[in-house]
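Listed below, chain by chain, are the residues.
Number of protein chains: 4
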Amino acid sequence: MDSDTIESPKVPRTERGRKTQRKLLDAAAIEFGERGFHEASISSITRRAGVALGSFYTYFDSKDAIFRALVLDMSDAVKSAARDAIADETDPLAIERAALGGFLRFASEHKEIYRIIDEAEFVDPESYRAHYETIGERIAQRLKAGAKAGVMRSDLGEVEAWALMGMNVFLGLRYAIWNRGGDPTPEDVAKAANTLLAKGIEA
Amino acid sequence: MDSDTIESPKVPRTERGRKTQRKLLDAAAIEFGERGFHEASISSITRRAGVALGSFYTYFDSKDAIFRALVLDMSDAVKSAARDAIADETDPLAIERAALGGFLRFASEHKEIYRIIDEAEFVDPESYRAHYETIGERIAQRLKAGAKAGVMRSDLGEVEAWALMGMNVFLGLRYAIWNRGGDPTPEDVAKAANTLLAKGIEA
Amino acid sequence: MDSDTIESPKVPRTERGRKTQRKLLDAAAIEFGERGFHEASISSITRRAGVALGSFYTYFDSKDAIFRALVLDMSDAVKSAARDAIADETDPLAIERAALGGFLRFASEHKEIYRIIDEAEFVDPESYRAHYETIGERIAQRLKAGAKAGVMRSDLGEVEAWALMGMNVFLGLRYAIWNRGGDPTPEDVAKAANTLLAKGIEA
Amino acid sequence: MDSDTIESPKVPRTERGRKTQRKLLDAAAIEFGERGFHEASISSITRRAGVALGSFYTYFDSKDAIFRALVLDMSDAVKSAARDAIADETDPLAIERAALGGFLRFASEHKEIYRIIDEAEFVDPESYRAHYETIGERIAQRLKAGAKAGVMRSDLGEVEAWALMGMNVFLGLRYAIWNRGGDPTPEDVAKAANTLLAKGIEA
DNA sequence: CATGAATGAGAGTTCATTCAT
DNA sequence: TATGAATGAACTCTCATTCAT
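Sequences listed follow chains A, B, C and D, in order.
The working numbering puts the first residue of the first sequence at 1, with every later residue one more than the last.
The working numbering puts the first residue of the second sequence at 1, with every later residue one more than the last.
The working numbering puts the first residue of the third sequence at 1, with every later residue one more than the last.
The working numbering puts the first residue of the fourth sequence at 1, with every later residue one more than the last.
Read the hints as simulated data drawn from the structure, not as lab findings.
Accuracy of the hints is not assured; some may be wrong.
Said to hold, decoys possible - Derived lysine-lysine pairs resembling DSBU-like cross-links, with alpha carbons at most 35 angstroms apart: (1) D:K10 x D:K144; (2) B:K23 x A:K199; (3) A:K111 x B:K144; (4) C:K63 x C:K79; (5) C:K199 x D:K10; (6) C:K63 x D:K199; (7) D:K148 x C:K79; (8) A:K10 x C:K199.
Bear in mind that the values here come from a model prediction, so they are computed numbers and not experimental data.
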């Protein structure tokens, strides 16, 4: 996916077109989520969407292009899920806990989103990087805010933000995506992680 | 990769055969590292290895098979790098710090290993899972040992191990793989992460 | 191009329609001239013409049909250019010289016409054949007239006409279409060819 | 056919391979000759050759590549046919006559060669140009030789060579390729053209 | 007449795998 | 064991043409 710098948006000019494009995007989310990028096929996407094969190219330039569009979509979905999850919280630590809890719940319900974003590392690295950098920055801002509020240490920066993000992502992988019988609930995981985050591991 | 539970090892009977197999494995590491699993081709691997295309199947059953073998190889390499890095440490927290520092250095020097292991999530999920579960267990054991030594809290378990592992992996991604000008050194990153781990983020 | 003997002229009924058809024809001349028949696309033609894709079929039955119409157009253009070029001449040999000179100048200025007509050999052989047979006949008539005027041999016929036409066409290809630095001018070429034609090559 | 400057020859390493490549080339000559470049299909070529579709790409990089190889082949065939035809002649004018006669006979028997070379103008212009420039140069040399022998005028050059070549090519098109009932024989055509060439058309 | 979305047959090309030598 | 030719399923993408609005 040598992202040609130019991206033709292929914006539909009619309502009917908009609907078809949406159907394709939804079908692609399922297809990519289930089979992964390389196993996925355009013809299967159009079949799922109930449109002709050729129609695909009315709305997307290539398999890569729809994947890229989808990653953007999903990236937004993840971020807004996080926003929603922390909306009611005010305490900086509670915010982090809510964010993780929200993420775990969201990931459980939308495993395909997790997969698509993660596969982007190999299919469209730029999108992948952009996704995590954006989230990393948001976390860093929250840490700064926490410091300002006097609740967190004042020397927290990018490194800590990435550490926290990694924590969350791996907990998501382990307890939301791979979730198995006997595993702790999202709330329990979030609680434990929050304690770790707040106090560290020292006795 | 419908991993047929049975794996034919295809152990070479002669010294010459062993060498050819090794050449293929090395070539595959470069090829998969550079182009990723799906872009990689058997013929390119054999070309790099300097053997005939057909010879590939004397030593490996399939493209998947060599990838799997490689992931195992790399997984071992990562683990033994970690072991080496912490060999001289005794203090539980220092051990964690050394482990991360070692990992960051190792990842910087072997970015292809990082890539291959990570791509396994989509090519051979079982290997991927096995890799991280093994590492997770080792970390959990170290935490238990830390608790026993009275240096760490006694309620640390799998959740904390995965959190710690995620921290490390993402710091590796950000500061070893994506490493860019002006970034902190592996030691600085390891130090900051260690403080976070030890004390948490509370003021 | 299985030229169904029947050709639906699709004559526009309104002035507006006539204009749209003209726009399509002009756009097609540019498109076919630049990219050739097979690389050319209807959608590119309509884009150049500034009309909707679907409108194309209001005026032409198919891609072949517009090409055929175009060849007819161009064939007429070439012929009338020749007619104009020789209008003032009366001497039979001077007429041939003027015809070639005119053709060379015309071809230099309308290279796309040359290309379209020539490609017709593979796209619409019938038009191609008709084009050259018509021209061949005209030349034959001029030779007859020259004989009648006592200036040319009386045994000149179709063979000589085709020989003369081939001469002219290849000189056009070489000195008008492929024209390169240092080449003789159209007039010089026409003069040399005329001498050859008149006297032959014998010492 | 944006002829990438680099051409991988794909030279077969075994006798078997050489035979397969030859079969493909022969099948392609028929296919391109019958249906033209754009109507021709790789799968039809391999079917004619009796090999698997994929084998095509063992020997040629693309449809373009085999066409290019073919044009080279045919170009050589035409040239050596001409060489053979004039081998026994010594008189400069007789040589030209023999050349045309030979060409007409050759073209009658290998109409597909004529077609393939001519279509190259639109498929692979470089080959087309190279073909006619080479021939043009040979003719020019023969004219020079004729002048040296005192049989032809001494001022004959490239222009006359191209004029002569055009003559021959168009006579070939008309009397060898389009050949129809009642047409003069190749020998008659060659004789008439030779007279024209020698004496011109003046009375 | 104009519009642009929808259609689907068809093409070229790739490459993991097999097989004869 | 080594070689490289042979295989063919499968895939992405194009585009002339049709159709509903």
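Now the hints, each set against the structure:
1. D:K10 x D:K144: Cα-Cα ~40 angstroms, so violated.
2. B:K23 x A:K199: 49 angstroms, violated
3. A:K111 x B:K144: Measuring from Cα to Cα gives roughly 32 angstroms; hence the hint holds.
4. C:K63 x C:K79: 24 angstroms, holds
5. C:K199 x D:K10: Distance of about 52 angstroms is beyond 35 angstroms: violated.
6. C:K63 x D:K199: 47 angstroms, violated
7. D:K148 x C:K79: Violated: D:K148 and C:K79 sit about 40 angstroms apart, past 35 angstroms.
8. A:K10 x C:K199: 65 angstroms, violated
In summary, the numbered hints that this structure violates are 1, 2, 5, 6, 7 and 8.
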